[in-house]
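*Asks:* Residue 116 in the UniProt record's numbering sits at position 116 of the sequence shown, with consecutive numbering throughout.
Think of the hints as simulated: they come from the structure by calculation, not from any bench. Treat the hints loosely; a few may be bogus.
Here are the simulated distance ranges between beta carbons [claimed, not checked]:
1) N16 <-> G182: 30 to 36 angstroms
2) E69 <-> G23: 17 to 23 angstroms
3) C159 <-> T32: 41 to 47 angstroms
4) V8 <-> S179: 30 to 36 angstroms
5) E158 <-> D94: 28 to 34 angstroms
6) S30 <-> D187: 43 to 49 angstroms
7) T32 <-> E166: 36 to 42 angstroms
8) N16 <-> E201: 15 to 21 angstroms
Positions of the beta carbon are idealized from the N, C-alpha and C atoms, including for glycine.
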Amino acid sequence: DRIERDSVQFRELFDNARGVEIGKSHPAISSTEGDVPFLIGGDISRYQTRATHRLKLKHPDIPERDYKEPGLYRGEKILIRKTGEGINATLDRDSYVIQVIYIFKPKRADVDLPHILGILNSKLMAFYYFSKFGQKERGVFPHLTQNKVLQLPMRLAECTPSKISELVSQIMAEYRELSKLGGLHLDREAGIQRRIAELDEHIDEGVFDLYGLDEKDKEFVRASLRDQSRNDASGLRDGA
Numbered sequence: 001d002r003i004e005r006d007s008v009q010f011r012e013l014f015d016n017a018r019g020v021e022i023g024k025s026h027p028a029i030s031s032t033e034g035d036v037p038f039l040i041g042g043d044i045s046r047y048q049t050r051a052t053h054r055l056k057l058k059h060p061d062i063p064e065r066d067y068k069e070p071g072l073y074r075g076e077k078i079l080i081r082k083t084g085e086g087i088n089a090t091l092d093r094d095s096y097v098i099q100v101i102y103i104f105k106p107k108r109a110d111v112d113l114p115h116i117l118g119i120l121n122s123k124l125m126a127f128y129y130f131s132k133f134g135q136k137e138r139g140v141f142p143h144l145t146q147n148k149v150l151q152l153p154m155r156l157a158e159c160t161p162s163k164i165s166e167l168v169s170q171i172m173a174e175y176r177e178l179s180k181l182g183g184l185h186l187d188r189e190a191g192i193q194r195r196i197a198e199l200d201e202h203i204d205e206g207v208f209d210l211y212g213l214d215e216k217d218k219e220f221v222r223a224s225l226r227d228q229s230r231n232d233a234s235g236l237r238d239g240a
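Work out the full structure, taking the sequences as your base and the hints as a guide.
*Replies:* Right under this line is the structure:
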């Protein structure tokens, strides 16, 4: 397989875990009070987080083992949510997360996290995951599992930061700027959204080229994802 050739599996680069073993309605979670920032599934999307929750540590209803080790949440890490269309991944430094968010911490200091993030969020990797692990008879994107994410083929950059890494840093900066506006400056927000869309396309192109896809391959990937996205939407309408 061309995508797997000359690649290393994600598991070779990252250790994995999942977050605190509670549901999103647990009383230890609050929007105003708590000891640490806390992310639930809806707070995570591609390249961004919305830190709107706090978590109380040492809550009497949560066994200590269910919090996991504090060191798990400290330091640079990639977060991926279990559900959603495609792969929804972002970077984080200090947030605790709920158990439906997967945590991937680099095994080596030389791993270019933005470069890897760009690959994970790309059309190519969504296509690969669906093609390899999806239920094709249903035509909908499957829930992510840690074990399957660990099998994803990663192409490392020849130099650091890579072009993909630079583009990812730019798109994350645009998302941060967008979040500051809070829906109050529609013209500025529209401009940022256009830049985000352009950067997203450039990242996809960079990933396609990194894995050696030609124009015919690229269009096949795009068309496959368009079809899958329509099936996802149909499933939602039908209550699937």
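*Asks:* All hints are to be evaluated individually against the structure, with a verdict given for each.
*Replies:* Here is how each hint holds up against the structure:
no.	hint	verdict
1	N16 <-> G182: 30 to 36 angstroms	34 angstroms, holds
2	E69 <-> G23: 17 to 23 angstroms	21 angstroms, holds
3	C159 <-> T32: 41 to 47 angstroms	45 angstroms, holds
4	V8 <-> S179: 30 to 36 angstroms	33 angstroms, holds
5	E158 <-> D94: 28 to 34 angstroms	31 angstroms, holds
6	S30 <-> D187: 43 to 49 angstroms	35 angstroms, violated
7	T32 <-> E166: 36 to 42 angstroms	37 angstroms, holds
8	N16 <-> E201: 15 to 21 angstroms	30 angstroms, violated
Hints 6 and 8, counting from the list given before, are not met by this structure.
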